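There are 2 protein chains.
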Amino acid sequence: MPVNVVNVSRSPHACLRPVPIDNVDIVGGFWGRWVGETAREAIWHQYRMLEESDRLKRFRWAAGRTSERPLRSLFVFDDSDVYKWLEACGYYLAKRKEDELKGVVESVIDDIVAAQEEDGYLFTEHHGAPERRWQNLTFDHELYCAGHLIQGAIALHRSVGEEKLFWAAVKFANLIAETFNPDGIRGVCGHPEIEMALIELYRETGEKRYLETAEFFINERGRDSLRPPPEDRLSNALYRIFGGASYFVDHAPVRELSEIVGHAVRALYLNCGVTDLYMETGERSLLDAMERLWRNFVERKMYITGAAGSRYVSEAFGDDYELPNERAYAETCASIASFMWNWRMLLAMGEARFADIMELALYNSILSGISLDGTRYFYMNPLASSGGYSRSPWFPCACCPPNIARLLTSLPGYFYSTSERGLWVHLYGSSKATVNLDGVGVVFRQETDYPWRGEVKMTVECEEPATFSLLLRVPGWCDEPRVNVDGRVYRPRPSTYFELRRKWRGRTTVKASFPMKVRKIASHPYVRNNVGHVALARGPTVYCLESVDNRVDPRLVALERGTVFRERFRRELLGGVATLSFDAWVADSAGWSGRLYRSVEAPMLGRRKTRVNAIPYYAWANRGDSVMTVWLPLIDYWKRAPPKKSGR
Amino acid sequence: MPVNVVNVSRSPHACLRPVPIDNVDIVGGFWGRWVGETAREAIWHQYRMLEESDRLKRFRWAAGRTSERPLRSLFVFDDSDVYKWLEACGYYLAKRKEDELKGVVESVIDDIVAAQEEDGYLFTEHHGAPERRWQNLTFDHELYCAGHLIQGAIALHRSVGEEKLFWAAVKFANLIAETFNPDGIRGVCGHPEIEMALIELYRETGEKRYLETAEFFINERGRDSLRPPPEDRLSNALYRIFGGASYFVDHAPVRELSEIVGHAVRALYLNCGVTDLYMETGERSLLDAMERLWRNFVERKMYITGAAGSRYVSEAFGDDYELPNERAYAETCASIASFMWNWRMLLAMGEARFADIMELALYNSILSGISLDGTRYFYMNPLASSGGYSRSPWFPCACCPPNIARLLTSLPGYFYSTSERGLWVHLYGSSKATVNLDGVGVVFRQETDYPWRGEVKMTVECEEPATFSLLLRVPGWCDEPRVNVDGRVYRPRPSTYFELRRKWRGRTTVKASFPMKVRKIASHPYVRNNVGHVALARGPTVYCLESVDNRVDPRLVALERGTVFRERFRRELLGGVATLSFDAWVADSAGWSGRLYRSVEAPMLGRRKTRVNAIPYYAWANRGDSVMTVWLPLIDYWKRAPPKKSGR
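Going line by line, the protein sequences match chains C and Y.
First residue of the first sequence? That's 1 in our numbering, and the numbers climb one at a time after it.
First residue of the second sequence? That's 1 in our numbering, and the numbers climb one at a time after it.
Any given hint might turn out to be false.
Same chains, same names: a pair is fine if it fits in one copy or spans any two.
[What the hints assert, rightly or not] Simulated pairs of lysine-lysine, BS3-like, Cα-Cα distance not exceeding 30 Å: (1) K432 - K609; (2) K609 - K639; (3) K503 - K457; (4) K517 - K639; (5) K517 - K164; (6) K457 - K511; (7) K164 - K609; (8) K639 - K95; (9) K432 - K208; (10) K457 - K95; (11) K57 - K432; (12) K171 - K503.
Hints are computed from structural coordinates only; laboratory data are not their basis.
In this text, all values refer to a predicted model and were calculated from it rather than measured experimentally.
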């Protein structure tokens, strides 16, 4: 069965059809290690954590297979961590015969299925307390966990033909469909997730009522159904502290939304489901709402790393242009959720701007969520740190680790799509895809040192001559892209798909070149804390200064417009990264001893420049405690453009 | 009876003795309106709000005087709002015969006293539920409310000789002393307040066990007694969300503290109690801890407006140098708490740095908490706003309005102190103080337009010739202070008390001059969001740009080092304020349409300068919804100092 995360191959309103994971090989290059060793280490490490934290025991206990009570959890949604981990395993096993892992997966599934109740209900938090079922949709996360169960089951069903968990998921989905509908409970889950899961289950089974139930949940949202009853003091306190209806995106009907607000993962998961629904129904008002939210996100609320969520309070989006750096929340799961949503928008619309955002998040705020060895994680991904912030092997709320595991193991499935026009290339990285275009087998290969170098050598190999397009994403960050075929040079526009339509015969080489200059990027003047600062980026990668690479405190470094950067690939460093070195000014700190405020008349800069070294942002915090910053003051930020020469 | 907020006249380890409210007249000038009409409006407005919100009815209901249940409150500490309001009335009535208000106060007191239980316990939230008494010290605020009851009762006792509420407070204090001690309950209140209240009651009654009980609470703090029992899910959830022990300053014993952390008002109220305790016991380790916390606050965590508290999450102090502007929490109560603490530090140590902080908070983050007419309030006092943030007539958590009312009505009591050296002048403003120095009656007068002009004309009038010092605070913000007596000019050092010791005869005029240049102030480079920016200040007043005074969005305004400011007193504006106008650059915003990030190579400034107008920060948000900012980019911020001339 083709292994897709989102299988829109029969969705009437999708533009693109994904090329499934099992048809793509990531061969070496930048991604080889991440989707190989790192993903494997992450999976096994997380399995140990799931066991140590009693998350697996919860199922055995609910199944009556142990009388020992599992550790009391701080949160009610522990089950979902196991399901997301299974989903990661599903994609991982799509092309790898790893019997030990497969055995472990089977045993975990066995416990889960044994914990399922007669009628299909499955939620260990309510084991032995049937009276609590569906009683607190606001905070209980039953449907959220069900959604992850369904996604995990589909992944394994598609990749290894797993049936047991799959039918358990179907049984639970049936119960949900019977329970939630206009004649049943008119409610929604406090944490969206079930919507996209049910639509994927519809795609997998063809069973229309899953689509209808998802649509029901989407339609019911925004009717204030999540406000807890007055007598529930705990829920009311939490509801109030978290900010009320908007935290749950329950403050207005989905079709009326125009500002992205509330808990970032909730909002973005909901958008995944809504976009999925659009691809099935074609309802324009859904897509219009998504377009409004996308613009609001990308134009006013997205970190330069692609991250989402500005507030610790309720892990939420802030106001327009509210993007603090050190106190960025920027949850790993929110970046992944944005990636997942942009993927769906890309499938729906076929526009490069969505793939640009996927790439941005992927190389920056997603990868920053996991250590190079796969066993340490960030929950928050701040853009600056004064020290004391480091990665953890696990969290009491452990949503992020398995989320990044499933993202990494599914990554091959995001590289390519097809449509009636031909083959679409979304992401660059050494890889091979085998596709069938109008009955003709085509093997497509990339060889590249991307993201460190902008040259991508591609070959198209056809079984027999065929006419189709190769659609290459031209990254939005690139000023002077070039595509070279048979000696012809094209100069495509950035942030488009460059369409190379021709009759392909045998083996053809296509060379793309996306020159990577170091870019100094400013942010909108309403992002007040970044005024006067720039971030450095090269290719898709945003850079940072980390104290471990520098003699001077990164918080004191300032650069100028004329700064010359030395770009160097250092194989031995951080798994191999391109670094930037440059001469920089250093803010005077001596004059500040014991003072927080002083007259600006005194000199603000020290007397000498110093050499500093920048690394890709995603790779920071892999070498112990450190000070880090992405945004750097530009001392001639306000320098005016030279006046236009007059004709005289 | 002398009306002091903090009566340390017999405290063995206080340096200064306050001149009580009833010995000070504020006559016209800047403060005349605030402590007169504005305070009166505030008191009557708040009385209506206390009635409307059923806070007064709670007492009548608990007293069995009405069978109607009061509105359900969102919080448990509603009683304290009434007590703080009574405290405000107490100071207000010290010199004003306003019978209508006095009658209202008496009737409120009558209801309160009727609600008191047999044994002295008084907390309407637990009326009819005796089993809840003292059960949840973490969140129930019983002792916090008791503290405000005691403070309110003392104020009225001192000002109008009120006895009924006073003895009710004593009765409750006795119960507390019997209940909380080494042989009784070993616990503390989640919200400090009772400590300073009990010490003040000790000062009022001479009853030592109130001092002992306060010391007991201070000693017990930091022993983790506030962690809720595991079975209390609500309390545990809140405890965790708020950040655990440090939220309550319960993470370490008081004497070991070195960083100011946790809920800002809790931390600062605790410091008030600890400083009070030091003034009674002289225990050096207490003062050392306060000195460490003061330095940490002033050198790393205080807003340029004097405000405290950087985080919405738990209304708390942030990390060192964490001072966001638009998302500043900067609660009005926290600024008042800082004022109260610095007053106690000043009384204890007699150093001008404490009075400097009081003045800073007073003219900026405290006054900003109340509208010019006294009837609208800020809970948070951000240093920037993109609009949509306005003052409210009341809050569900209504701590701030009565707090600022009691601050305003007690303000005369903070102007002057005495010591064996003589008369100390802490604050400037037209006023008259009548004091007795070594048996000689002295009348001291100030005439001044402070804070708009730095000239202060003072007269010292003695009944008979006497030798003593006049100690004038020289504001820390002033570069070139001058004091002129009998034709002699002194040039005192800023942030000291200038001591003018002499034999005074009859009437002597002393002229002080504190020239008010517009200051461009930078903040420490670790305050990342202010790098490249300056704040404008003049005298004690910090300025802001508000959209209502400007054609250009204040967020786009940038200035340069050579900016010439036009300073103008505008009597008709905002109750009379000095404004600043200047020519400023405007950041290019047109080039940003639909973009959040772009290359810095494009011009960042528009082509023309524009005239802008700044007003004192405290006066913003009095003219409808607006955009506001305190910090402004300085386009030549990083300009290097000219190289020193070489000897050649």
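Hints versus structure:
Proximity of K432 and K609 under a CA criterion of 30 Å is satisfied in neither setting, with 47 Å inside one chain copy and 57 Å between copies. Taking identical chains as interchangeable, the C-alpha atoms of K609 and K639 lie at most 30 Å apart whether they share a chain (20 Å) or sit on different chains (14 Å). Taking the closest pair of Cα atoms, K503 and K457 come within 30 Å of each other only inside a single copy of the chain (19 Å); across copies the shortest separation is 94 Å, beyond that limit. In this assembly of identical chains, the alpha carbons of K517 and K639 lie at most 30 Å apart whether taken from the same copy (21 Å) or from different copies (28 Å).
In this homomeric assembly, K517 and K164 never come within 30 Å of each other (Cα to Cα): the closest approach is 52 Å inside a single copy and 79 Å across copies. In this homomeric assembly, K457 and K511 come within 30 Å of each other (Cα to Cα) only inside a single copy, at 5 Å, whereas the closest approach across copies is 83 Å. Taking the closest pair of Cα atoms, K164 and K609 never come within 30 Å of each other, the shortest separation being 65 Å inside a single copy and 72 Å across copies. Taking CA atoms no more than 30 Å apart as the test, K639 paired with K95 passes in neither setting, with 55 Å inside one copy and 60 Å between copies.
In the homo-oligomer, the alpha carbons of K432 and K208 never lie at most 30 Å apart, since the shortest distance is 35 Å inside one protomer and 84 Å across protomers. Taking identical chains as interchangeable, the C-alpha atoms of K457 and K95 lie at most 30 Å apart only when both belong to the same chain, with a minimum of 25 Å there against 88 Å between chains. In this assembly of identical chains, K57 and K432 lie within 30 Å of each other by CA distance neither inside one copy nor across copies; the values are 40 Å within and 76 Å between. For the identical chains of this complex, K171 and K503 are neighbours neither inside a copy (49 Å) nor across copies (97 Å), given an alpha-carbon limit of 30 Å.
The structure shown violates the earlier hints numbered 1, 5, 7, 8, 9, 11, 12.
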